[in-house]
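Engineer: Residues per chain, in single letters:
Number of protein chains: 2
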Amino acid sequence: MKMMDAIQYANKQREKNLDELKEFLALPTISTLSEHRADVQRGAEWVAEKLRGMGMENIAIMPTGDGAGQPLVYAEWLHASDAPTILVYGHLDVQPVDPLNEWLTNPFEPTIVGDWIYARGASDMKAQTLAVMKALEALLKTDSLRVNIKVIVEGEEEVGSPNFGAFLREYKEKLKCDVALNCDSQMASQDLPSIVYGLRGLCYFEIWVYGPAQDLHSGLFGGTIHNPAQVLCDLISGMHDAAGRVTLPHFYDEVRELSETERAELARLPITDEGWANAAGVSALWGEKNFSVVERAGARPTLEVNGLYAGFIGEGSKTVLPAKAMAKISTRLVPNQRPEKIKQQLEDYLRAHAPDTVRWTVEQFAAGEPVLLNRDSRYVRAAQDALQETFGVAPVFQLLGWSVPVTNSLNDELGVDVVVMGFGLADDGTHGPNEHFYLPNFYRGIESYIRFFQNCEEKK
Amino acid sequence: MKMMDAIQYANKQREKNLDELKEFLALPTISTLSEHRADVQRGAEWVAEKLRGMGMENIAIMPTGDGAGQPLVYAEWLHASDAPTILVYGHLDVQPVDPLNEWLTNPFEPTIVGDWIYARGASDMKAQTLAVMKALEALLKTDSLRVNIKVIVEGEEEVGSPNFGAFLREYKEKLKCDVALNCDSQMASQDLPSIVYGLRGLCYFEIWVYGPAQDLHSGLFGGTIHNPAQVLCDLISGMHDAAGRVTLPHFYDEVRELSETERAELARLPITDEGWANAAGVSALWGEKNFSVVERAGARPTLEVNGLYAGFIGEGSKTVLPAKAMAKISTRLVPNQRPEKIKQQLEDYLRAHAPDTVRWTVEQFAAGEPVLLNRDSRYVRAAQDALQETFGVAPVFQLLGWSVPVTNSLNDELGVDVVVMGFGLADDGTHGPNEHFYLPNFYRGIESYIRFFQNCEEKK
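Protein sequence lines, in the order shown, are assigned to chains A and B.
Per numbering that gives the first Met the number 0, the first sequence starts with residue 0, numbered consecutively.
Per numbering that gives the first Met the number 0, the second sequence starts with residue 0, numbered consecutively.
What the hints contain is simulated information worked out from the structure, not anything from laboratory work.
In this text, all values refer to a predicted model and were calculated from it rather than measured experimentally.
Cβ atoms here follow ideal geometry from the backbone N, Cα and C, with glycine treated the same way.
Any given hint might turn out to be false.
As the list claims (entries may be wrong) - Computed Cβ-Cβ distance ranges for the label pairs, DEER-style: (1) Ser282(A) / Ser33(B): 42 to 50 Å; (2) Leu32(B) / Glu108(A): 45 to 53 Å; (3) Ser33(A) / Glu44(B): 48 to 56 Å; (4) Thr271(B) / Arg255(A): 51 to 59 Å; (5) Trp115(A) / Gly237(B): 21 to 29 Å.
Stated by the list, open to error - Restricting the straight-line Cα-Cα distance to at most 30 Å, the calculated cross-link-like pairs of lysine-lysine (BS3-like) are: (6) Lys11(B) / Lys175(B); (7) Lys140(B) / Lys175(B); (8) Lys140(A) / Lys175(A); (9) Lys342(A) / Lys288(A); (10) Lys21(B) / Lys11(B); (11) Lys11(A) / Lys21(A); (12) Lys288(B) / Lys317(A); (13) Lys175(B) / Lys317(A); (14) Lys342(B) / Lys317(A).
Build the full structure now, drawing on both the sequences and the hints.
Structural biologist: Here's what the structure looks like:
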């Protein structure tokens with residue numbers, strides 16, 4: 000049976016595949032920092048080279064945003080006539096590494112400790128991008144690929160995929176497919192796979208509060224003018240009420256409530272308050288009253304402070320009364336909230352609550368839609384079976400807290416269902432220091448993707 | 000009459016005195032930067048040479064901090080038997096010059112534009128240190144000095160006078176005096192002299208709020224754990240009430256209330272809300288209800304945010320849920336608040352208001368006493384009369400918002416009254432670019448100091 004051949008092939012390649020994972024992780028493909036632009040390009044070349052080597056065709060490193068965006072790697076294999084076409088999505092870029100001093104290893108010198116590999120991008124998402132590539136390689140090398148494949152590996156997911164929608168629109172014909180597979184996802188726990196059917200949307204803002212014309216001496220002017228850092232704290236403090244709810248006007252108006260069935264399903268997830276608190280490294284949880292931690296993390300909208308800055312933050316003391324203060328805040332949105340309304344709600348809030356003693360500005364950096372996917376298709380069943388066969392346990396259906404705007408884009412622009420199946424874990428430290436990935440799931444990921452591609456054709 | 004001789008002498012020396020001021024200002028005596036250590040030493044030698052030339056005696060350049068500190072110049076003239084001894088304080092060091100690109104002239108090439116001289120240290124405080132020296136020179140050269148004089152010119156005021164207290168203690172006998180004159184001060188406005196009788200104390204703190212063990216992905220954990228940046232904002236927001244009062248428990252318990260006389264006197268200061276708002280570059284003032292801007296700036300305690308930091312503050316967006324958040328805050332204290340109680344009050348506040356979901360720490364960087372000087376002594380009357388005679392207008396009594404630790408040291412360590420009389424202006428740009436000094440007040444300063452020394456003896 001061909002499928003076993005491919006899995007056997009992949010298993011024999013484990014050492015080589017791990018070496019390639021290390022190679023991939025060693026590339027500092029930080030898309031948010033312009034000084035790493037050449038590294039992202041190098042990452043794209045590395046991916047393209049691998050795709051070429053395994054027998055994928057029409058490999059192209061394509062510019063995005065008229066060349067202003069980061070490049071995207073495309074490849075295809077279209078020799079399975081009458082079989083469905085699957086568009087595979089991954090990304091090769093990673094988050095910045097600060098705070099660097101909190102890393103125990105060099106973020107771009109992949110380091111294996113026990114079953115874990117430590118490196119920036121290990122979990123988000125180079126291990127998974129490479130896993131799906133290695134699944135395709137095993138299928139191609141064993142002559143057992145029975146579906147058509149189009150691969151996209153993006154270079155700017157971590158900046159919010161600003162050019163991805165336009166890219167899909169421009170190449171709509173070229174990218175025509177029956178289903179999309181988004182590998183940028185995670186499992187419910189180390190041995191419990193999941194299929195994600197909902198993702199939160201994201202709106203990201205930078206707020207500045209301006210007070211005096213320049214930094215002032217706090218002894219001279221303290222107590223006589225409104226300190227913009229204090230005003231900013233007042234404003235942020237007021238953005239939640241005592242029940243943990245966001246106070247932006249009309250924020251909850253369009254929120255889709257969970258059905259009883261969904262709440263019961265979500266309760267199956269092996270996530271306890273205690274386990275979640277341990278994963279976060281906190282002694283107690285917090286959040287919106289009357290919702291479980293799983294619901295709060297996936298099915299309820301949030302507003303978080305991502306950054307704060309004002310005045311003097313060096314060592315020691317400086318008695319400055321700062322001229323301005325800044326906060327980065329972001330909201331996670333759930334169906335059926337509309338990202339385009341959130342900025343208005345934030346501005347309405349600031350207009351209502353900011354005092355006349357200061358000026359303020361709001362800049363928006365991201366506006367991603369929440370998404371709710373079809374759970375009832377042959378492709379979802381193919382994924383369910385692949386995961387059950389690989390892990391020996393039925394996968395759970397999960398709502399994820401974060402945003403993968405590309406899922407929306409694939410869904411909306413190409414008009415196809417998206418299967419979201421990945422192998423990271425919640426406590427992998429993505430976006431933070433000491434990011435890591437559980438290596439056994441790199442290999443089980445490869446196997447799951449092999450089985451998925453086979454199931455798509457075989458289990459109609 | 001001898002006094003007129005001394006004033007006439009000083010007036011004849013104006014050109015030479017201005018040349019010497021330029022010489023003094025040309026020395027880059029930046030005490031905060033170790034690469035300028037030799038310049039501070041050169042400044043001390045220059046001052047010592049001038050004191051020797053005018054007839055002061057027992058000139059010494061004395062090391063401080065066992066040689067680790069910057070030198071201090073001492074001189075004395077003790078030939079007025081049965082007359083009081085006055086300890087004169089000034090400093091010869093200056094602040095760094097950055098941001099250098101905002102200077103319109105070279106900070107160490109003194110430049111005269113109209114009635115103003117531009118140079119680093121012009122207002123803080125070389126013009127005043129030289130003015131009091133020139134007053135002594137005029138009195139000595141005209142054989143009309145009738146009080147005993149001890150002079151200290153410090154070399155590290157701008158780093159917070161770290162060794163000054165110990166110096167006073169070590170040389171307590173040598174420095175024995177009846178009153179101290181601190182020349183490091185300013186006028187109410189260009190033509191309105193002032194005597195400062197109160198300075199605020201300072202307590203400076205760095206607060207950290209700790210949440211998760213490390214930075215987390217805000218999509219993954221957002222809405223489920225307490226964001227330390229949000230908690231910090233809540234805590235800071237709660238530190239003031241709606242009336243602009245500080246809410247630390249017992250913060251106001253020992254605050255000395257202003258008498259009606261003092262309030263009436265402070266109301267004489269030529270400071271309007273509009274003028275103050277213009278100076279700060281704000282459209283509207285803010286502060287504790289029921290107190291004027293002059294009262295809020297000098298006679299009321301404050302709490303200000305000096306710095307804020309959490310999470311990601313670089314360009315663009317990073318969806319991090321920060322592990323910790325930091326604020327630098329400082330309180331300005333007025334008589335009779337005790338600095339040693341403020342940390343306790345802050346900790347009590349945090350203990351009462353910080354939620355169990357976070358940990359916090361408080362570190363203290365400064366604890367300076369507020370000072371209230373005796374306003375009712377023959378020496379204060381001598382200063383009042385000297386200023387009235389020189390400027391033709393009664394000086395105002397002023398409470399300054401900031402802290403001048405040497406005033407406390409002179410008061411505490413030597414156990415004598417301190418008269419604070421200087422000639423800078425609030426908008427001289429001290430510590431900033433384009434520092435300047437109003438030259439007519441250099442000459443009126445010399446005259447005022449001459450009259451003061453004479454009045455100390457003559458108007459018992």
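Engineer: Each hint: holds or not?
Structural biologist: Tested hints:
Hint check: Ser282(A) to Ser33(B), Cβ distance near 45 Å, so the stated range 42 to 50 Å holds. The hinted window of 45 to 53 Å between Leu32(B) and Glu108(A) is violated, with their beta carbons roughly 38 Å apart. At roughly 51 Å, the beta carbons of Ser33(A) and Glu44(B) sit within the given window of 48 to 56 Å. In this structure the supplied range 51 to 59 Å holds for Thr271(B) paired with Arg255(A), their Cβ-Cβ distance being about 57 Å.
Against the hinted window of 21 to 29 Å, the Cβ-Cβ separation of Trp115(A) and Gly237(B) comes to about 42 Å, which falls outside the hint. For the proposed pair Lys11(B) and Lys175(B), the alpha carbon gap of about 34 Å is over 30 Å, so the pair is violated. For the hint pairing Lys140(B) with Lys175(B), the CA-to-CA distance comes to about 25 Å; that is within 30 Å, so the pair holds. Taken as a hint, the Lys140(A) and Lys175(A) pair is honoured in the structure, with Cα atoms around 25 Å apart against an allowance of 30 Å.
For the hint linking Lys342(A) to Lys288(A), the alpha-carbon distance of about 25 Å falls within 30 Å, and the restraint holds. Distance check on the hinted pair: Lys21(B) and Lys11(B) sit about 18 Å apart at the alpha-carbon level, within 30 Å; holds. For a cut-off of 30 Å, the pair hint linking Lys11(A) to Lys21(A) stands: about 18 Å separates their Cα positions. At roughly 27 Å between alpha-carbon atoms, Lys288(B) and Lys317(A) fall within 30 Å of each other, so this suggested pair holds.
Among the hinted pairs, Lys175(B) with Lys317(A) is inconsistent with the structure: their alpha-carbon atoms are about 34 Å apart, more than 30 Å. Note on Lys342(B) and Lys317(A): the hinted pairing holds, with a Cα-Cα distance of about 18 Å set against a maximum of 30 Å.
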